[in-house]
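Participant: Sequence:
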Amino acid sequence: MLYAVLCYDDENEVNAWSKDLDDRVMADLGAVNQRYAEAGKLGPVARLMPTTAAVTVRKGATDDIIMDGPFAETKEQFLGFFVLDVETLEEAITFARELSAVNPANGTYEVRPLQFFNPGVPIT
Numbered sequence: 006m007l008y009a010v011l012c013y014d015d016e017n018e019v020n021a022w023s024k025d026l027d028d029r030v031m032a033d034l035g036a037v038n039q040r041y042a043e044a045g046k047l048g049p050v051a052r053l054m055p056t057t058a059a060v061t062v063r064k065g066a067t068d069d070i071i072m073d074g075p076f077a078e079t080k081e082q083f084l085g086f087f088v089l090d091v092e093t094l095e096e097a098i099t100f101a102r103e104l105s106a107v108n109p110a111n112g113t114y115e116v117r118p119l120q121f122f123n124p125g126v127p128i129t
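Under the working numbering, read the sequence shown as residues 6 to 129, first letter to last.
Hint data in this document are derived by calculation from the structure and do not stem from the laboratory. Mixed in with the good hints there might be a few duds.
Said to hold, decoys possible - Simulated restraints, written as ranges between beta carbons of each label pair:
hint: 1; residue 1: G65; residue 2: D33; range: 18 to 26 Å
hint: 2; residue 1: E95; residue 2: D73; range: 34 to 42 Å
hint: 3; residue 1: A21; residue 2: G125; range: 44 to 52 Å
hint: 4; residue 1: I70; residue 2: E18; range: 24 to 32 Å
hint: 5; residue 1: D69; residue 2: N123; range: 34 to 42 Å
hint: 6; residue 1: E95; residue 2: A21; range: 16 to 24 Å
hint: 7; residue 1: D69; residue 2: A106; range: 40 to 48 Å
hint: 8; residue 1: L53; residue 2: T129; range: 15 to 23 Å
From a predicted model like this one, the values you see are computed outputs, not experimental measurements. C-beta: ideal position from N, C-alpha, C; glycine also.
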């Protein structure tokens, strides 16, 4: 079963990390990722740019509305995602808990089954 593990956190807190802390967190997250990748269970992983780099396209009555920034004002922002191919929801939750354990921020990891997945082609 394919699962998406969605990472939410306060981007102001995360973006305020020193380069050393950010490098350490990414290395710690990378160690968790590596174990699942070596087991053939980890698919695409992405860390998103800050919401200040986002553009939202919203369907309007006659034309699409293009807005700078995220579509909602929230305390936590969507920062990235992981795609897992594991047997059970419990295994996906374990992965999310391992990510949480090495992340010093107070973020949230949402685990959601994928209904459809098209891997596309490798992008370089």
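Participant: Which of the numbered hints above does this structure break?
Facilitator: 1, 3, 5, 6
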